[in-house]
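S.K.: Residue strings, one per chain:
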Amino acid sequence: MTTVATARDRYLGEFEALERQGAFRSPSWLAPLRRRAIDRFAESGFPTTRDEDWRYTNLASLAATPFRAAAPSQAGVPDGAVERLALEAWRTPAIWPRLVFVDGRYSPKLSTARALPGGGRMASLAEAMITDADMIERHLGRHVHWGTNVFAALNTAFVQDGGFVFLPPETRGETPVELVFLATTPGVVAQPRTLIVGGPHSRLTVIERYVGITDEAYFTNAVTEIVAGPGAAVDHYVVQEQGADAFHVATVHAALERDSTFATCEATFGGRLARTTLALTFAGEGARGAINGLYVVDGRQHVDHHVTVDHAVPRCASRQLFKGVLDGTARAVFSGRVIVRPDAQKTDATQTNKHLLLSDGVEVDSKPQLEIFADDVKCTHGAAEGQLAPEALFYLKSRGLGEETARALLTYGFAHEVLERVAVEPLQAYLDRLLMTRLASDRITKEIA
Amino acid sequence: MLSIRNLSAGVEDKPDILKRISLEVRAGEVHAIMGPNGSGKSTLAQVLAGHPGYIVTSGEVTYLGQNLLALPAEERARAGLFLAFQYPVEIPGVSNAYFLKAAVNERRSRQGLEELDAMEFLQLLDEKLGVVEMDRSFVNRPVNEGFSGGEKKRNEILQMAVLEPKLAILDETDSGLDIDALKTVAQGVNRLRRPDNALILVTHYQRLLQYVEPDHVHVLFDGHIVKSGGKELALELERKGYDWIREEAAAGETAGGSVAR
Chain H
1 MTTVATARDR
11 YLGEFEALER
21 QGAFRSPSWL
31 APLRRRAIDR
41 FAESGFPTTR
51 DEDWRYTNLA
61 SLAATPFRAA
71 APSQAGVPDG
81 AVERLALEAW
91 RTPAIWPRLV
101 FVDGRYSPKL
111 STARALPGGG
121 RMASLAEAMI
131 TDADMIERHL
141 GRHVHWGTNV
151 FAALNTAFVQ
161 DGGFVFLPPE
171 TRGETPVELV
181 FLATTPGVVA
191 QPRTLIVGGP
201 HSRLTVIERY
211 VGITDEAYFT
221 NAVTEIVAGP
231 GAAVDHYVVQ
241 EQGADAFHVA
251 TVHAALERDS
261 TFATCEATFG
271 GRLARTTLAL
281 TFAGEGARGA
291 INGLYVVDGR
301 QHVDHHVTVD
311 HAVPRCASRQ
321 LFKGVLDGTA
331 RAVFSGRVIV
341 RPDAQKTDAT
351 QTNKHLLLSD
361 GVEVDSKPQL
371 EIFADDVKCT
381 HGAAEGQLAP
391 EALFYLKSRG
401 LGEETARALL
411 TYGFAHEVLE
421 RVAVEPLQAY
431 LDRLLMTRLA
441 SDRITKEIA
Chain Z
1 MLSIRNLSAG
11 VEDKPDILKR
21 ISLEVRAGEV
31 HAIMGPNGSG
41 KSTLAQVLAG
51 HPGYIVTSGE
61 VTYLGQNLLA
71 LPAEERARAG
81 LFLAFQYPVE
91 IPGVSNAYFL
101 KAAVNERRSR
111 QGLEELDAME
121 FLQLLDEKLG
131 VVEMDRSFVN
141 RPVNEGFSGG
151 EKKRNEILQM
161 AVLEPKLAIL
171 DETDSGLDID
181 ALKTVAQGVN
191 RLRRPDNALI
201 LVTHYQRLLQ
211 YVEPDHVHVL
221 FDGHIVKSGG
231 KELALELERK
241 GYDWIREEAA
251 AGETAGGSVA
261 R
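Protein sequences, first through last, are from chains H and Z.
Counted from 1, the first sequence has number 432 at position 432 by our numbering; the numbering is strictly sequential.
Counted from 1, the second sequence has number 34 at position 34 by our numbering; the numbering is strictly sequential.
One or more hints might be untrue.
Stretch by stretch, here's where chain H covers chain Z in the computed footprint (C-beta under 8 Å, at least three residues) [said to hold, decoys possible]:
(1) 41 to 51
(2) 71 to 82
(3) 91 to 98
(4) 101 to 112
One side of the interface only, derived from the structure: several residues of chain H facing chain Z at Cβ under 7 Å [said to hold, decoys possible]:
(5) 12
(6) 26
(7) 29
(8) 31
(9) 32
(10) 34
(11) 339
(12) 391
(13) 395
(14) 398
(15) 399
(16) 413
(17) 417
(18) 438
(19) 440
(20) 447
Calculated directly from the structure, the hints in this document are not laboratory data.
Virtual Cβ for every residue (Gly too), placed ideally from N, Cα, C.
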């Protein structure tokens with residue numbers, strides 16, 4: 001309890017200091033929002049396992065570590081590191097425009113921002129607060145539920161920089177836009193804040209990459225707010241490759257207006273403790289949302305997903321597929337909540353959560369919840385945990401595949417079912433490679449990569 | 001090629017499904033193993049393929065001069081033994097093409113042969129797709145997932161065509177097939193017959209044998225081979241049904257397991 005209280009005081013003290021120094025050079029509307037958010041954080045501090053939403057995820061070690069805010073510097077990024085990362089992932093250094101953030105701060109030097117079609121924008125949030133002030137004011141902090149999400153409140157209180165992507169009505173992003181969040185400095189907390197707005201009937205794809213280039217402890221507390229305007233189609237991807245000792249807390253909130261479609265796929269590979277809160281709010285009728293996730297963890301990794309889909313209006317459809325592959329003594333927590341409010345007739349919602357347990361030392365806590373208050377709806381959910389099926393193993397061996405190859409191929413298949421839903425081909429191929437690196441099977445790598 | 005001597009096997013809960021089975025299969029031969037449900041036909045197929053859930057309690061199986069029972073399933077496959085499954089397993093997320101290429105190359109590398117690259121493999125695959133009259137779109141679909149019963153069986157024969165086994169065991173490949181699919185599958189099997197390979201057809205019905213003509217027919221009943229003969233035995237079974245065998249077996253005329261040739 002002491003450590004939790006100390007952690008709270010540390011962040012509060014830092015907030016007061018920054019405010020005193022005038023370090024929050026922010027527009028006037030933001031100051032009261034910050035204040036409300038820090039007050040919200042002050043009320044509860046870091047959650048403990050007594051909080052229902054944090055029952056299985058113990059934050060004691062996160063709270064006990066005195067992370068400091070990063071100094072704006074790119075000193076920790078070796079020359080050519082960003083190009084190498086791009087090359088490694090996309091097999092070409094310049095495939096689509098990217099914004100790069102180093103320990104939470106925008107790096108113009110490492111970024112390749114460009115004008116988007118029809119007057120669309122990709123910029124750092126700090127810059128956009130000046131150039132696109134109205135849009136930021138209209139959306140920032142208006143969607144994510146920072147009143148009930150302490151980490152979102154903390155991020156909102158400290159909001160300084162992050163990604164901003166906007167497409168005006170009726171425009172089509174020619175390529176995906178990539179946001180790269182690099183963690184380079186041990187002991188540092190970064191709180192990137194991203195806002196993605198797809199104007200009415202626009203089509204937009206955004207890829208967020210979180211990459212650690214240090215294996216020592218650091219803390220990322222990211223928040224992404226996404227708005228899909230009427231008839232818009234927004235595709236969103238997150239690739240989490242944080243360092244081995246990283247704490248990664250991420251909140252993604254998507255608001256879907258009338259007849260819009262939204263799809264997100266969260267691929268989690270890294271971090272020592274990773275908690276992702278995903279929320280989808282249907283704000284207009286006829287919208288469709290897909291939330292897919294894959295986590296592949298081993299060693300002592302702890303991965304926690306909290307998904308909430310809020311069917312607040314009629315005739316919307318949501319699809320959820322989350323799969324986890326666990327080895328070593330890894331632990332996974334999954335909580336999926338689908339709320340169908342009284343007016344939300346003709347809701348069509350599915351939710352699936354499956355875990356593949358590759359060792360006896362792993363632990364899974366999966367809690368799907370349906371809360372249905374309307375009567376004319378179609379909702380299903382399912383959860384399953386299991387090991388590799390012996391019949392499937394025998395089938396593969398009977399074709400000449402050895403034990404290791406057979407196991408790796410089945411694991412690959414289990415996980416690839418999620419990656420099949422990734423519509424950006426180079427991204428799907430890269431995620432496949434990340435997956436195969438984990439499987440460590442020469443044969444599978446040779447045949448599929 | 002294959003010599004089974006006094007093989008007894010079963011599962012943990014029922015260790016005596018097969019009782020002192022003996023069978024000789026030579027290169028170029030087609031053997032049919034017929035019998036009513038529950039007679040042990042599929043058990044024999046699974047034991048030969050090396051399913052770890054089956055326990056051999058006694059007897060010997062020699063395949064190409066090797067002690068087959070000492071080899072794990074994958075080594076049997078690499079030595080040219082192939083089982084077409086009665087119920088092919090669905091492997092979501094893994095395309096047919098990846099699966100087959102991995103199987104082909106794993107085997108080639110063990111045999112010290114150069115592995116096939118993507119182009120060479122596709123060439124091989126195209127040729128074999130013709131054998132079973134399958135569309136190329138099949139190979140990009142996940143293994144057996146969402147396949148109809150007939151598609152699954154044809155996929156088994158496609159795998160057989162690609163892997164070119166020396167000894168193929170077809171376990172109830174005819175079950176669940178309509179007559180057109182049966183003809184296609186049988187045609188594929190016939191195209192794969194060669195003087196240096198052999199075939200064991202495990203089947204309940206005679207109808208597959210109209211299209212793939214066996215040299216020898218064996219009747220399995222209650223774990224014993226109770227009768228062996230030529231292809232006319234299959235016709236006799238079709239005419240008289242299995243009750244005839246049941247009565248003969250009950251009369252004890254063939255008890256004790258005759259050596260089938």
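S.K.: Hint compliance check: list the failing hint numbers for this structure, sorted ascending.
M.R.: 5, 6, 7, 8, 9, 10, 11, 18, 19
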